[in-house]
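**Q** Sequence:
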Amino acid sequence: MYNLFNRLTLSINMDAKIMSYCPPNITFNDIWVDHGVSKCFMDTICTAVVSLYLIVFGSIQLWMYRKYGTEIDENTLPKSKLYNLQKFVLYFVPFLSLLRIILQATIMDDGMVYGYMILMTVSTVIIYPYSVYILKVERHKLLPSVPPHGHGLVLLGFWTLAFVGENIVFINIGKLEWWFHLNSLTDQIEMALFVLRYVSNLLIFALGLRAPGIAGRVLAPFLWPKSDFLLQLRVIFCFMLLIAGRAINLYVPIYNKMIVDSVASITNIQFRWDLVLIYVAFKFLQGGGTGGMGLLNNLRSFLWIRIQQYTTREVEVELFRHLHGLSLRWHLGRKTGEVLRVMDRGTDSIDNLLNYILFSIVPTIVDILVAVLFFVSVFNKWFGLIVLTTMVFYIAATILVTEWRTKFQRRMNLADNAQKARSVDSLLNFETVKYYGARSLRGRVLREAILDYQVQEWKSMVTLNILNTLQNVIVSAGLLSGSLLCLHMVVTHQGLTVGDYVLFASYITQLYVPLNWFGTYYR
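Read in numbering that gives the first Met the number 0, the sequence shown has 31 at position 32, and its numbers run on one by one without any break.
Careful: at least some of the hints might be erroneous.
Estimated spans, in silico, between C-beta atoms of each pair [to be verified]: (1) T69 with F238: 32 to 38 angstroms; (2) S326 with W457: 34 to 40 angstroms; (3) R320 with R209: 25 to 31 angstroms; (4) K135 with H492: 51 to 57 angstroms; (5) R245 with L76: 35 to 41 angstroms; (6) V121 with S264: 45 to 51 angstroms.
Derived by calculation from the structure, the hints in this document are not laboratory data.
Where a beta carbon is used, it is the ideal one built from N, C-alpha and C, also for glycine.
Work out the full structure, taking the sequences as your base and the hints as a guide.
**A** Here it is as C-alpha cells:
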C-alpha cells in the first residue's frame, strides 16, 4: 500500500509538470483517427454534454421543487429494494471512475494521467451523486402540475444520455488503439471496467424507467393500452415512425447542400437530377420543413387516433365512476358548471400529455443532440458549441418564464371555472332566479365574472408575448453568430463551401421551428 501511494504521488507530481490534455501524438481536434473516434475527444464531448445537461436542467428542476413542491407523506412512499439498488448503482459508477484513474496512475500504460481523464473523473464524481439528490427530491416531493407517473424528464434524459455515451464506444470496436482486443494487462483492465460501467448504466436506465422509489402512478393505465395488443403495436409502430423522422430531419439539409455544391462550381457544374429526386422524396416524408405536414407525421397521426380515443374513453369513464363514488354532501353542494369545465379540461390535458411528451418534447431534444454531434463532427467544435449554447439558453429561458407565467394561467383557469359555474348554475336554477326576480342581478354577477376572466386572460397573453420575444432574441443571436462564422470560413477557404452555409442555415431554421411550442408543451 505504501509503494502504491508513492507511485500515485510520483505520477501526480510528474503530471503537474508535463501533463497534457490528450495522449502523445493526439490533439483534441483529431476526431476520427484510424477508422475510429479518439478517446480524448469522445470522453470529453460525452462528459461535457451529460454534465452540462444535468447541471442546467437539474438545477432548474430543483428550483421548481423548492418553490412549488409539496411534501409527500412518508407512509405512502413505497418500500422497495430496487430503490436501494438504484441508489447503490448511481454511487457505484463514480467509484469505478475513481478506480480507473488510480489504476491509470499506477499499473496501466506508462502511468500517465491526462487532462481529459481528470475532467471525466471529476465530472462523474459530481453529477452522479447530484442525480441521487434529485432522485430523493422527486421521491419526497410532488409538483402540483406534474402527474406522478415516474421520474421527471430531467433524470430520464440524463440516464439515457449516459447509457448512449457508453454505447458510442462500440463504433471503435475494430480500432487497435482501443482495448477490445485484450492484448495487454491494460486492455484487460479497461475491458473489465467498461463492462462494469456498461452494466451499471444499463441498470440505472432500466430502473429509471421502472421508478421503484416513486409513489402513485395514477396515469400509467391511461397512457399505455394494456388490454389491447393491437393498440400496443400501433404505439410501437408510431415510435418507429418517430425514429425515421429524426433521420430524415438530418438528411434533408445534407442533400440540400449536395445540390447547391453540384451547381456552385463554375468549372465542374453538374445536373444532379438524382439528388433532387432524393431530396424531394425526403421532403415529402418530412413535410413543410418541420415535419408538420409530411407523410410520416400524417401516418403517425392516423395511427394515433385509436390510441387517443382509448385514453379519452378510459379517463372519462374512470372520472365518472369517481364522481359517483363521492359522498351525498359533495353532490348536494356541487357546482355543476365548474365540475363539467374541470372534467373537460382535465380529460383534454391527460389526452394530450402522452402526445406532447412522445411526439413533441422527446423528438425536439433528440434533434438538438443529433444537431450538436453533427456540427461538431462535420464542421468544428465551435458550431456545436453555438448550437448547444443557444438551445440551453432557449430551453432554460422558456422554462423559467413559463414557470413565472403559470400563476397567471392558473388564475385565468380559476376565473374561467367561476364564469362557467355562474352561468350554468344560474340556468339550472332558472325557476329560483325567476321567482325572486334576480335576473338582472344574475346578469351583473356574470358580467363581473367575465370581466375578471378577461383581466386574467390579458395578463396571460401579455406574458406569452414576452416569452415569444425572449425566445426570438435568443434564436436570432444563435443564428447570427453561427451564420457569420460559417460565412467567414467559406470566404476564407477554411474547408467549407457555399453548400455548407446553406446546410447550416436550413438545418438551424428547421431545428428552431418546433421549439416555438416548447413553452406550451412544458406548461
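**Q** Broken hints, numbered, in rising order?
**A** Result: no hint breaks.
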